[in-house]
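K.L.:
The chain contents come next:
2 protein chains.
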Amino acid sequence: MSGGSRTARAIIIGNELLTGKIADKNLTTLATVLRRLGVVLERAVVIPDVAEVIVREVREASVASTWVFTSGGVGPTHDDLTIAAVASAFDEEVIVSSELESLIRLAYGDKLREGHLLMARVPRGARLVKSEDIPWPATLMRNVWVLPGVPEIFELKMKLVEEVVGAGVPFVSLAVLTTLDEGNIKPMLDRVVLDHPDVDVGSYPRWTDPKIRTKLTFDGRDRARCEAARQAFVALLPDGAMAGLEG
Amino acid sequence: MSGGSRTARAIIIGNELLTGKIADKNLTTLATVLRRLGVVLERAVVIPDVAEVIVREVREASVASTWVFTSGGVGPTHDDLTIAAVASAFDEEVIVSSELESLIRLAYGDKLREGHLLMARVPRGARLVKSEDIPWPATLMRNVWVLPGVPEIFELKMKLVEEVVGAGVPFVSLAVLTTLDEGNIKPMLDRVVLDHPDVDVGSYPRWTDPKIRTKLTFDGRDRARCEAARQAFVALLPDGAMAGLEG
Chain C
43 MSGGSRTARA IIIGNELLTG KIADKNLTTL ATVLRRLGVV LERAVVIPDV
93 AEVIVREVRE ASVASTWVFT SGGVGPTHDD LTIAAVASAF DEEVIVSSEL
143 ESLIRLAYGD KLREGHLLMA RVPRGARLVK SEDIPWPATL MRNVWVLPGV
193 PEIFELKMKL VEEVVGAGVP FVSLAVLTTL DEGNIKPMLD RVVLDHPDVD
243 VGSYPRWTDP KIRTKLTFDG RDRARCEAAR QAFVALLPDG AMAGLEG
Chain V
43 MSGGSRTARA IIIGNELLTG KIADKNLTTL ATVLRRLGVV LERAVVIPDV
93 AEVIVREVRE ASVASTWVFT SGGVGPTHDD LTIAAVASAF DEEVIVSSEL
143 ESLIRLAYGD KLREGHLLMA RVPRGARLVK SEDIPWPATL MRNVWVLPGV
193 PEIFELKMKL VEEVVGAGVP FVSLAVLTTL DEGNIKPMLD RVVLDHPDVD
243 VGSYPRWTDP KIRTKLTFDG RDRARCEAAR QAFVALLPDG AMAGLEG
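Just so you know, the sequences run in chain order C and V. Quick note on the working numbering: the first sequence kicks off at 43 and runs consecutively. Quick note on the working numbering: the second sequence kicks off at 43 and runs consecutively.
Excised from the complex, chain C in its bound form (with noise of 0.2 Å):
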């Protein structure tokens, strides 16, 4: 992954992924979205619903990389600690924000109550991001996106953060698919690495595929230059072993 570019991190909340019970589906929607936006997402971490934790990885992403991306953690019950977790990162407190206290008084109308409005809460000075499309702010502390866990509202989120983080020179990936295993491949993949420092060779085996054995991918943020790799890399195949390309 290269230097010098715009980073982020991710912090994936909750015991519910760290016991078994739901597989996390964000940090996927999250990190095609930043590659897209020709952000590099340098690393994840999953933990629970203890605060200290929380705090901890907050401080520790906030000043490693561009943005952070908190998911989960935002509701109103005893195990949701994320966002009084990301004012005590920044030593701030945990205000009511009167504009999400509308938004929420509008929604729930005559069947509000108390508990519905914990989730006005947000760190003070933290930035409520919307748009037209998207009337339900995301909340933006400093660089710290905090952001739902449940995946049909982060994924909708996503909008607003593709807004604020704005488009870089985005990466590309380009892939071939063989019949050959990687013991197999590895020579001729050797060479291509070495010849093209500056394109990202990835290579994945498929256990259960009986035909497509390996599959090769080529990025970076110069198109010429991963399509150059991927040629090179094709062109030393042995007949019949390429089995398709992507992107």
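Treat the hints with care, since some could be wrong.
Identical chains blur together in the list; that is why a pair holds if it fits in one copy or across any two.
[Unchecked claim] Taking lysine-lysine pairs in the DSS-like style, the calculated list, with each CA pair at most 25 Å apart, reads: (1) K63 with K153; (2) K201 with K172; (3) K172 with K63; (4) K63 with K253; (5) K201 with K253; (6) K201 with K63; (7) K67 with K153; (8) K253 with K153; (9) K172 with K67; (10) K153 with K201; (11) K67 with K253; (12) K172 with K253.
In case anyone wonders, no lab produced these hints; they're calculated from the structure.
Given the coordinates of chain C, work out where chain V should sit on it, guided by the hints.
P.N.:
Chain V in isolation, oriented as in the chain C frame:
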């Protein structure tokens, strides 16, 4: 999550996970097995194929937890750095295991290439864990299980993990499904949480389910206490709000 228990950390390695190409499946597999064994999975990190990052994570995790599980980066290609990184984390060299070499020679026969033999590398001092059912061993370096990223193989190796890690007091997980949202539930839930500090209560909203709005979970090592917490919660629910029990 309770203290004083056997603990674990997961280190999930691979650029493909941080670029959105592939969604990890191994964390949920591992978490489910550890839960059954009564081991607390404290944390998982998803990191790129960068040697020094892997070394640092392995070193940290192996000191902090009873067990560490790495996933990915054990093939023969240039982006497979985990074996060398785990060796380096313990200041050991990489050696060729004659046991693994024999297995590889047997498996590939006259299709063997030099590249295949790279999969015989292990950190010096690693233990090869196997059973009669699973002839291909798993690599265990001190307290670090070095597991492959391919989900089908990762899952196979869990049987070896279970045998070595051994059963402790497993966690029980009970659940209630309700028609109420989290804002409505909160006052009832807070009371149950307060009265059952030894039960880990989780609240999970469902966004797209038209009937069930929230799933509540009651986890712990003592089934009777989990039952008590769940019953206390159900007793507080208004008529018609209980939509099902699980576990």
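K.L.:
Honestly, which of those hints from before does the structure not fit?
P.N.:
The structure breaks hints 1, 3, 5, 7, 10, 12; every other hint is satisfied.
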